[in-house]
Amino acid sequence: MPTTPGPGEEHDVRTDPLDGLPADFEAFFTRENPGYLRYAQQRLRHREDAQDAVQNAGAVLYQNWRRALASADPQAFAFKVLKDAIVDVLRERHRAERKRLRVIAQRRPDTSQDELEELAELDALDWAMDELARSAPVQADVVRLRQAGLSYPDIGRALGIAHTTARTYYSLGRRHLEYLLEHASGGESGEGRAAE
Amino acid sequence: MNLGDLLRADSAGLEREFRDHDPADFTRRLAGRLAADGPEGGRPPSERPAGAGRDRTVRPVGSRRSGAARRDGAGRAELRRDLRHLCWGVAGTVEPCELALDLELAEKAAFRTLGCLLYGMDRTADAVFWWRIAAQYGDQLAVHCLAVHYAAEGEDGDAARWAVQAQDLSAPGRLPALAPDVRPDGAAELVRLLAERFDGEIVLTLREIPAAVGPRADDGRLGVRAVRGRGPVRIR
Numbered sequence: 173m174p175t176t177p178g179p180g181e182e183h184d185v186r187t188d189p190l191d192g193l194p195a196d197f198e199a200f201f202t203r204e205n206p207g208y209l210r211y212a213q214q215r216l217r218h219r220e221d222a223q224d225a226v227q228n229a230g231a232v233l234y235q236n237w238r239r240a241l242a243s244a245d246p247q248a249f250a251f252k253v254l255k256d257a258i259v260d261v262l263r264e265r266h267r268a269e270r271k272r273l274r275v276i277a278q279r280r281p282d283t284s285q286d287e288l289e290e291l292a293e294l295d296a297l298d299w300a301m302d303e304l305a306r307s308a309p310v311q312a313d314v315v316r317l318r319q320a321g322l323s324y325p326d327i328g329r330a331l332g333i334a335h336t337t338a339r340t341y342y343s344l345g346r347r348h349l350e351y352l353l354e355h356a357s358g359g360e361s362g363e364g365r366a367a368e
Numbered sequence: 004m005n006l007g008d009l010l011r012a013d014s015a016g017l018e019r020e021f022r023d024h025d026p027a028d029f030t031r032r033l034a035g036r037l038a039a040d041g042p043e044g045g046r047p048p049s050e051r052p053a054g055a056g057r058d059r060t061v062r063p064v065g066s067r068r069s070g071a072a073r074r075d076g077a078g079r080a081e082l083r084r085d086l087r088h089l090c091w092g093v094a095g096t097v098e099p100c101e102l103a104l105d106l107e108l109a110e111k112a113a114f115r116t117l118g119c120l121l122y123g124m125d126r127t128a129d130a131v132f133w134w135r136i137a138a139q140y141g142d143q144l145a146v147h148c149l150a151v152h153y154a155a156e157g158e159d160g161d162a163a164r165w166a167v168q169a170q171d172l173s174a175p176g177r178l179p180a181l182a183p184d185v186r187p188d189g190a191a192e193l194v195r196l197l198a199e200r201f202d203g204e205i206v207l208t209l210r211e212i213p214a215a216v217g218p219r220a221d222d223g224r225l226g227v228r229a230v231r232g233r234g235p236v237r238i239r
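Chains E and X supply the protein sequences, listed in that same order. Note that the working numbering numbers the first sequence so that position 170 is 342, with each residue one more than the last. Note that the working numbering numbers the second sequence so that position 103 is 106, with each residue one more than the last.
Chain E with its partners taken away, still in its complex shape (with noise of 0.2 angstroms):
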């Protein structure tokens, strides 16, 4: 039979954890991790990688929440926060990815002409889209968050921008990356920056 613990005595009550978050952060969190996952995934191309990304911007975005709610949008401090927490995984990865090239070089890929293909298709896909963020940040920003399902309302917040500058810029970033394709699959200079 459970006794009530006297003093000094540690509690043993089992809580939710979500008791401990604000609730206006809860919704938000709530709100926004998908759309913030996508977009991870669309830049990270591995799904734990980009929950870890994730859960670190969560974590960052906690305890910077007052400063995030007396923003000007607390959506588009967000989205830093989410990008940030992006480029420590990358910068990380890319520690890891010296590594584990030396290892591959020695190893024959066992993978199928069609799975190849599809990574290679992607592969371009994401060339093209790094090419685009160098040059034009936030259209290729724009194209990301539309590839992870956010609206246009919400992806103008994120950047801050209007929904109507989301809607062309997403109109010119497609522009841009159809060109770079194109540049890629039959230029030479696309060639070579491909295979960088």
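Check before you lean on any hint, since a few could be wrong.
The calculated label-pair distances, taken between Cβ atoms and stated as ranges, are [stated by the list, open to error]:
| # | chain 1 | residue 1 | chain 2 | residue 2 | range |
| --- | --- | --- | --- | --- | --- |
| 1 | X | Asp202 | E | Asp298 | 44 to 52 angstroms |
| 2 | E | His266 | X | Arg11 | 25 to 33 angstroms |
| 3 | X | Gly141 | E | Arg238 | 41 to 49 angstroms |
| 4 | X | Arg36 | E | Arg306 | 27 to 35 angstroms |
| 5 | X | Pro175 | E | Arg238 | 44 to 52 angstroms |
| 6 | X | Gly16 | E | Asp260 | 20 to 28 angstroms |
| 7 | E | Glu293 | X | Tyr140 | 40 to 48 angstroms |
| 8 | X | Glu211 | E | Arg219 | 50 to 58 angstroms |
| 9 | E | Glu269 | X | Ala39 | 28 to 36 angstroms |
| 10 | E | Val259 | X | Glu20 | 18 to 26 angstroms |
Calculated directly from the structure, the hints in this document are not laboratory data. We put the beta carbon where it would ideally sit given N, CA and C, even for glycine.
Using the hints provided, position chain X relative to the given structure of chain E.
What follows is chain X alone, placed relative to chain E:
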């Protein structure tokens, strides 16, 4: 596979990957992690229990920082970089003689292009001046440029004012042709050509820009395009 198919496939892949995702459970996982990090360490100041040792300091309403200070620096830099890239793209498609003529004819697209040329040369105030004129004439790309410019400068009030006027230009035919392989020095080169070869009332103002009257660095592609088919043209 064309771009549309590729983007659709990618989007479907992202959807598939997280089909089993439970947003509430993901937030619970974060809460568990924060709780494990320590009872107070990760807790936002506003959520610390009253009397927990530190007085809560609330910033007075009057001390709120300006929009420029509140908006994140990296975000503003990205907006500026993006806008500059767009401006270089606009400048890359322009024939100097046509632009000079269109400026004389007070074409709204020419005013917008002139604004883009100047923004591409970091003449921001001049760019805003011409974009505003183009916007007055109803040029929608100029309205977008103004909205993005003010957002990039953290001037939220002005950005919001132009954002309200900005229309969606994604429908076919609403956006002008842009040079995809933009050259950063293209704007300066075009301004120099305009200043050297044409003497329209508006173009003459470009001669006040030091970079526009400097010695020619090389015979670039834009110089060749400017005389294609008709040779240098002087207005008046």
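Worksheet item: Going back to the hint list, which numbers does this structure go against?
Response: The structure conflicts with no hint, since it agrees with every one listed earlier.
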